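Engineer: Sequence:
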Amino acid sequence: MRLSTVLTCIGVAVALNLHAQVRRPPPPSSNRAAEERIALSRALQTLQEAYQVHFIYEDELVRKRFTRALRRITGDFYRDLQAVLGDHPIQYIKVGRRTIVLILKEEEPENRRAIIGRVTDVQGRPLEDAEVLIEGTSWGAATNIEGEYRIARVPEGKYTLVARFMGYRTVRREVEVYGEELRVENFALSPDILNMDEIVTTAARNPLTKMASSVAITTANARQISERMPTSTAELLTFIPGFYVETSGGEGGNNLFPRGIPQDGSFRYVAMLEDGMPLYEAPELAFANIDILMRVDATIASLEGVRGGTGSIFASNAPGGIINFVSKTGGNKLEGLVRVAVGDRGFYRLDYNYGGPLGRRWKFNIGGFARYDKGVRSPKFVANRGGQIKFNLTHLFRRGFVRFKTRYLNDRNIFYLPIPLQNPRDPHPIPGFDANYGTMTSVHADNMRFPTPDGREIHRRLSDGIHPEYFSATGEVAFDLGGNWSLRNILRVMKAHIDFNAIFSLDNPFPAIEFADSIYPADKLPGFARWEYRYADTHEPIRDPVGLNGNGLVARNGWWAVSKPLSSIANHFQIQKQLRRHSLSAGIYLSRYTANDFWYWHNILMEVKDAPRLLDLVALDSSGNEILAVTRHGVQQFGTFYMNARNRATLVAGSLVDEWQLSDRLRIDAGIRIEHNRFSGEVENVGEDFTVGDGTALAEQKVKFGNGTWRPYAHRFTEWAVSVGANYTFNDQLAIYGRISRGFRTPDFEQWMFSEERGFSQYVHQMESGLKMATDLFALFGAVFFSRVNHIPFVDEVVRDGRIYEEKRFAESVTLGSEMETVVTPFEGLQLSLIGTFQNPLLENMRFTTVDPATYRKMTVELSGNRVRRIPQVILHVRPSYTFKGFKIFGSWQYVGERYVDDANTAELPDFGVLNAGIIYRSLEDGITLMASVSNLTNTIGLTEGNPRVEQVFANRNDRVFMARPILGRTITISAAYTF
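Residue numbers (the numbering used here): 43 to 1022.
No lab work stands behind these hints: they were computed from the structure.
As the structure is a computational prediction, the values presented were derived from the model and not from experiment.
Be aware that a few hints might be false.
[To be verified] Each pair of labels, with its calculated beta carbon distance range:
no., residue 1, residue 2, range
1, G907, V485, 44 to 50 Å
2, R498, A671, 18 to 24 Å
3, A671, D565, 17 to 23 Å
4, K537, R215, 52 to 58 Å
5, E177, T448, 42 to 48 Å
6, I1014, R113, 53 to 59 Å
7, I1014, N531, 45 to 51 Å
[Claimed, not checked] In the DSS-like style, the derived pairs of lysine-lysine whose C-alpha atoms are separated by at most 30 Å in a straight line are:
no., residue 1, residue 2
8, K416, K537
9, K744, K900
10, K416, K606
11, K927, K375
12, K422, K606
13, K744, K606
The beta carbon of each residue, even a glycine, is placed where N, CA and C say it ideally should be.
Given these sequences and hints, build the entire structure.
Structural biologist: Okay, structure coming up:
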C-alpha cells in the first residue's frame, strides 16, 4: 500500500503541475502548409491515424483531388481538417464520437435565412460537437463548447431538422423557414444506452458502428461505467448479455461463463484486453484469474464486450468472446477528474484522471486510484488496500502517431469463499454466523509460519489476500504508407507477481464431538479418556464444545498459499489495404510468456462464527494429561498439497481478414487465424511422507513436499479458427446480422503440472443471428445462438480424508440460447433498460466412474443430458431511471435463475433477485457530481456457488449445515466528483 499510495500522490502532483503549466494558451504559430501537394485521400488517412477518427466517403468524392500536405499535426482536429479540405466543395458531418462523413457541398441559393439554437442533454448541460443537420441536404453545423450552433443561409421552406450526438437519442423536428431573419430551435437530447452509433474496434479490423457490424457487442462509455459504481471488474461485466458473471468472490478471482459454455470457473473462454492487447496470454491459470490483473478506474474511456466466435480470430483462446478496456489518451483540451468515495463498511477510495495536449504535437493522460476498505465481510483486518497508476504519452506526426503507455498495480484483496448455511431450499444463517456479512477468513489466522521438511519456515499473511503486483509497458505506432496502405504495431512487456492467500472451505462443518472421534480411533490410544478442544492462541480449554457459539460446530478449512510470478512479451503487427469494396488486413502476433508456481497448502481447525479463532485438539487421559496432539498451533495437517513448477510458452499466430461491402446495405466479413503454441517446463516430484517440526503431533506427519527431482515436459499444438459474418442494414433504424464460426482452446500449463498426458485442444462451433433496432423511443439488440464444445476438461481440487487431490474428466456440451439488450424511453427523463439471457446448456458424453456404496463395486454413471453445473438458464437485469433538473434517480433488479451445484444435478442453488438503487446530482456550473447508491438493498442471500471442493459430481447434501458462497450484503456508498 505504501508504494502505490506514494505513486498515486506523485501522479496527482504531476497532473496538477502539468495543468498549471500547460493550461496557458500556446503562442500563435504559423499554420502555412508545405508546398508539397498530396492526394486528398492520403491527407485524410493521416488525420485518421493521428486523431483516431474514422472518415466515411465515396471514392469518387476524393478521386483526382489534391491538397497541400500539413506541415505538422497541430492537435486541433477541426483546424487541421479545414486545412486539408481547403477550397474543395466537401462538407463534413460528425455522426459519432469518432466518425466523420464527407459529402459533396450543394450549391447555395442566395435567398437564405439562418437557423440557430443550442443542444444540451436533459439536465441542460451543453453538448459540444453535437451535429444539427437538415435532413436530405448537406446543410448542417456542429455545436461549440456552449452547445450552440448556427446553420447559415437556409432557403425558405419546410424542413426536417435533425440533432444527434453519440450516446444520445437522435431528435427530428419539422421546421418552417419563412421571412424571419433567424429561426431558433433548441434541443435537449436523452441518452441512448445501446449506443448504436458508437464506433467499435474490438474484434474488427475496420471500425464500424454497432448498427453496421456483424458482431454481437455491448459498449459502455466512461459516464455509464461511473454511474454503475462497480466494486470489481467482474461486476462491471454483469451488464453484458450472454455472460453469466459470479461476483461474490470480492474484487478479484471471480468467474465468467460465456453463453453457457461449461468450465470450472475463471475466464477460460474469454480474452481480456487493455487497449487491444492481452493483459496476460492465459486468462485461466489457477490462482491467476485474469480479473486479478485488471482494475476499473477513472482512466477507462470505454468498455467493449464482444460475444461469440469472432473472438477466436482476434485473440488467442477466445471462442467465448473478448473484453476490451479502452484507456483515455488525452483529448484536444486539458480535462481532469477527481472523485472521492466512502462506504458504510469502512470503504474509502480516491480516483483521479488528467489529460490533454502538451504543445502542438503531443498529448498525455495520467490517472489511477487508491483504496482502503475493511471489507463487506470483515475479517477484522483491512480487507482491500492498494492502488494503481497509469500514464500514456502520444506524439503526433504527419502520417500517424507513436504512443507509449505504462501501468503499475499494487493491490491486496480479500478472497471470499463459501460459508456455513442451513436449509438449502431457502438459505438462511446458522446460529452464530451472519450470512450477509460473515466470513471464515479471520484475523486469528492472519500471521502464519508453516514449517518445511528441510527445517525452514514459510511466513504467510492472510491479510495480504490476493496480492498482484503488476507492471506493463506498451509501445504503439500507427503509420500511413500511402496508396491506401497503413500499418500498426503494438509491443507490450509485462511482469507480475501474484501471491494468493485464502481460507478455502473443504468439508461441511462437523459437530465438534463427531469430528474428534473421526480423527483417530480412541481404542488405539492407551489410556484415552476424552478429547479436549483449546483455543490455539491462548491454549484455553473449551468446556462445552457441544454449545460452542450456539451451533456446536468446528470446521476443517484449507489455508492455501500460492506464489505465482508471471511475465510476457507480446507483439502484434497489422497491415491493412483499403480497396473500393474491400478492406483487407493481415496480422502477425508473437508472444513469449512464463508462469512459475509454488503451492504449499495446509488444513486448519476453526470454530464456526464470524472471524473464527483457530482450535487445537488433544487427547487426554483420565488425569488430564496430554497423550496425543492432533493439531499444532491450529493446523490440523501440514502439507496437504504441494506444487512447484516452472512453465514457459511461445505463441505464433497469423490472421487474415476481409471485410467486403457488397452494397450500401449488405456487408460480409470473413477471417481465419492459424496459431502455433509450444509449451515446456519442469514440475518437481512430490513425496507424501515427510515430517515437520518434532513430528509428535499428527499434523506434522505425512506431509507432502517436493523431493528435489523434476519431471520435464514439452508439447506443441497447431490450431486454426475461422469466422464468417454478414450484416444487412434495411435503414438507419433496422438491421440484421448472422455469423458462423469455429474456434479453439488449447490446454494450459496445469494440464502438464498434474499429468504426463499431452491433453486435447477444445473446439467450439457456434452459430448466431440477431436483430438490431434503433428508434427514438425504443432500441433493441437481440440474438439467438447455438454452440457445441468438445473435450471440455473438468479439473477440480477435491477433498478425500482431509487431503487435496486433483480430479480431471472430459465431456462435451451443447447450448441453445438467446440474449437481448433493450431500452425504452416512453417520455422525456424516463428510461427503462432490460438485459436478458435465456439458455439451456446441456452435457453430452459425460460419464463418471464411482463405487456403489452397497456392493463396493465400480459402476459407471451416465450424466449426459444433465444441465451444466453453476450456469443459470435465465439471467435478467432491469434498470429504470428518471432524470430531472440535474438529478437522476435509478434502480436495478438482477435476477439469476436456479442452478445445479453438481454434474449429477442432485442439488440446486435457488434462484434469487438483487435490488439496488441510487441517486445522482450534477451541477453544470461547478463541475460537481454527487452520487449515493445502495447495493443489495434487501440483504438477499443469493448463492453463486456451493462447495466446489466436495460437490462437483454428486453433492450428497443433507438438510443440516451446508457450505455455499452468497453475494455480498447491503452496502451504502456515496461519492463526490469534480471535473475541470
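Engineer: Are the hints correct? Go through all of them and say.
Structural biologist: Each hint tested on the structure:
1. G907 to V485: 44 to 50 Å: Because 47 Å falls inside the window, the suggested range holds.
2. R498 to A671: 18 to 24 Å: 22 Å, holds
3. A671 to D565: 17 to 23 Å: The hint (17 to 23 Å, Cβ to Cβ) holds, given that A671 and D565 are roughly 19 Å apart.
4. K537 to R215: 52 to 58 Å: Hint holds: Cβ distance 56 Å, inside 52 to 58 Å.
5. E177 to T448: 42 to 48 Å: 47 Å, holds
6. I1014 to R113: 53 to 59 Å: Given range 53 to 59 Å: holds, Cβ gap about 56 Å.
7. I1014 to N531: 45 to 51 Å: Given range 45 to 51 Å: holds, Cβ gap about 47 Å.
8. K416 to K537: 28 Å, holds
9. K744 to K900: 28 Å, holds
10. K416 to K606: Since the Cα atoms of K416 and K606 sit roughly 25 Å apart, the hinted pair holds (cutoff 30 Å).
11. K927 to K375: 28 Å, holds
12. K422 to K606: Between K422 and K606 the Cα gap is close to 26 Å, so the pair holds against 30 Å.
13. K744 to K606: 26 Å, holds
Taken one by one, the earlier hints all hold for this structure without exception.
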